[in-house]
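> These protein sequence lines map, in sequence, to chains B and D. For the first sequence, counting from 1, position 211 maps to 427 in our numbering; every step adds exactly one. For the second sequence, counting from 1, position 281 maps to 426 in our numbering; every step adds exactly one.
Errors might be hidden in some of the hints.
Said to hold, decoys possible - Simulated DEER-style distance windows between Cβ atoms:
no., chain 1, residue 1, chain 2, residue 2, range
1, B, Ala410, D, Pro175, 41 to 51 angstroms
2, B, Arg322, D, Asp260, 23 to 33 angstroms
3, B, Thr286, D, Asn249, 31 to 41 angstroms
4, D, Asp260, B, Ala249, 47 to 57 angstroms
None of these hints come from the bench; they were simulated from the model. Quantities reported herein were computed from a predicted structural model and do not represent experimental measurements. Ideal Cβ placement from N, Cα and C applies to all residues, glycine included.
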Amino acid sequence: MRPSVTLEAAHTQRRSLVVWSAALAALIALYIAVWPSVEGSGSSFSKLIDDMPAAYKALFTNGGGVDFSTPAGYLNVELFSFMAPIVVLVYAIGTGASAIAGEEDRRTIDLLLVNTVSRGRVVIEKMAALIFGVAVLSSAMWLSLVIEGRVAGMDVPTADAAATVVHLGLLGIEFGALALFIGAATGRVGMSRAVPAAIAAGTYVINALGTMVGWLEPIRRFSPFFQYNGHDPMHTGLAPTAVAVSITSIVLLVAGAVWMFRRRDVGT
Amino acid sequence: MSGAALEFAGATKRYGSVAALDTCTFTARPGRLTGFLGPNGAGKTTAMRAVFGLVELDAGTVAWQGRPITPAVRTRFGYMPEERGLYPRMRVREQLLYLGELANRSRSAVAASVDTWLERLGLTTRATDRLDALSHGNQQRVQLIAALVNDPELLVLDEPFSGLDPIAIANMSELLVEVAAAGTTVLFSSHQLDLVEDLCEDVVIIDHGHVVLAGDLEGLRAAVPHRFVDVDYHGAPPDWTSIVGAELVEADNGHARLQVAHTVDLADLTTAIERTATVEAFSYQPPTLSELFRHAVAA
Numbered sequence: 217m218r219p220s221v222t223l224e225a226a227h228t229q230r231r232s233l234v235v236w237s238a239a240l241a242a243l244i245a246l247y248i249a250v251w252p253s254v255e256g257s258g259s260s261f262s263k264l265i266d267d268m269p270a271a272y273k274a275l276f277t278n279g280g281g282v283d284f285s286t287p288a289g290y291l292n293v294e295l296f297s298f299m300a301p302i303v304v305l306v307y308a309i310g311t312g313a314s315a316i317a318g319e320e321d322r323r324t325i326d327l328l329l330v331n332t333v334s335r336g337r338v339v340i341e342k343m344a345a346l347i348f349g350v351a352v353l354s355s356a357m358w359l360s361l362v363i364e365g366r367v368a369g370m371d372v373p374t375a376d377a378a379a380t381v382v383h384l385g386l387l388g389i390e391f392g393a394l395a396l397f398i399g400a401a402t403g404r405v406g407m408s409r410a411v412p413a414a415i416a417a418g419t420y421v422i423n424a425l426g427t428m429v430g431w432l433e434p435i436r437r438f439s440p441f442f443q444y445n446g447h448d449p450m451h452t453g454l455a456p457t458a459v460a461v462s463i464t465s466i467v468l469l470v471a472g473a474v475w476m477f478r479r480r481d482v483g484t
Numbered sequence: 146m147s148g149a150a151l152e153f154a155g156a157t158k159r160y161g162s163v164a165a166l167d168t169c170t171f172t173a174r175p176g177r178l179t180g181f182l183g184p185n186g187a188g189k190t191t192a193m194r195a196v197f198g199l200v201e202l203d204a205g206t207v208a209w210q211g212r213p214i215t216p217a218v219r220t221r222f223g224y225m226p227e228e229r230g231l232y233p234r235m236r237v238r239e240q241l242l243y244l245g246e247l248a249n250r251s252r253s254a255v256a257a258s259v260d261t262w263l264e265r266l267g268l269t270t271r272a273t274d275r276l277d278a279l280s281h282g283n284q285q286r287v288q289l290i291a292a293l294v295n296d297p298e299l300l301v302l303d304e305p306f307s308g309l310d311p312i313a314i315a316n317m318s319e320l321l322v323e324v325a326a327a328g329t330t331v332l333f334s335s336h337q338l339d340l341v342e343d344l345c346e347d348v349v350i351i352d353h354g355h356v357v358l359a360g361d362l363e364g365l366r367a368a369v370p371h372r373f374v375d376v377d378y379h380g381a382p383p384d385w386t387s388i389v390g391a392e393l394v395e396a397d398n399g400h401a402r403l404q405v406a407h408t409v410d411l412a413d414l415t416t417a418i419e420r421t422a423t424v425e426a427f428s429y430q431p432p433t434l435s436e437l438f439r440h441a442v443a444a
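All chains, please: the whole structure from these sequences, using the hints.
Encoded structure:
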């Protein structure tokens, strides 16, 4: 029975996943703890943000609406517009970059490949480990929202929150797959981190400003952030089209990673 | 070379304008230790990595038992890279089991092999330690076990003696001789030419990606048209330049090393020396591997 590269990768990151999950739980606890003070003055907060310059407001809310009067609206602005994507993207891009390029950088890829594991299998199993890690973080986020919300008496919409973390997970996996693709194509860790991070920043801005800049509107739909929250999952739930677009992007990136990794020298 | 197991034929690999391998052609035979020698940057590591498909050749082939090397064939190979490639934070036995099982062998078979090698190399008590808690020499031993754990038919070792102390070198040498005697084809690179000379039946010398000398070491030494004479004497040294057919290589107090044609008459040579000195010791030998190496690389 051949052991799984996925299981080994997941085993290796088990401690860091616990730390990441704990950090997320603490972050969400902080937001939930603040909610009672926001709840009573939700309309004032909403007005405050509505009075901001349009571009600033768009960046602050990632192009979404502003509603501090409900838990869903509050979490959408405070957690899911900016902080949660940052946390998930940092983890996913780091893991994707480490999957192939990191192994090459640490000179551990040789023994992995010479022990008959095909290059395609290494890429796919590393991707599976990344998906597992993002799924753990997304689950931890949802569980924290539900459990901590219940303890604090905050009425978190569990189904819509689940839909949002699914979209968020897909966003992370997309950028993780991009990092994996660049690592498989180049073997360079720095590039595998920097390029997805830059693209994430760029597509975030495009998605945010696309709501107010006419010529950005058509481009906005290609932004992974549009697939993530363009349809406001905290209020409308899962969007099958957005899920399909995200999954297609991930599959194409992984297929490209396999193709590129098979066609180049390793560790040179 | 008959009975070749590993065969490079015209292997060529370029990185931009640099030829890492240039029509590299040689063989390594089963049951024998083959020393793979060359200056730094000569192409040894590139050639070894080509065996495992880590670099793709621009031209030429690498074959095993006359056939192209496929991933399935590689399950029968063991590799020890120059830049050690184990996971530093993973525990020794756990790591060896993981790598061994990747080659599609049963866990019980791999575990038995791992435990045997750990015991053989004196690492049983360190089996549950993290790799980075081990000394350099012990890490090297673990790396060797990773290459040996699946009982390979071909063992490729890139600088296996690098950084080892004399006792560890002796232990590893003994082990490699034993592995080769069991029928394994062993190809290893090293800059320690005296060690290679002691261990290897075959050598391959590569320079600028091209094989400049290859074959049975004794045969290569015998084929050189000159020999070396070492003389210990007392008394006044003769005028070495007056000895026909001999060229002084080095001389110090009471000792001289001469290069002579293999047809030289040793009796005449001794007589010429004894005109002024008394010979205490006299030896007549083919060139050492170091001399072969210097000659081949300088040519």
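> Against the earlier hints, flag every one the structure doesn't satisfy and list their numbers going up.
3
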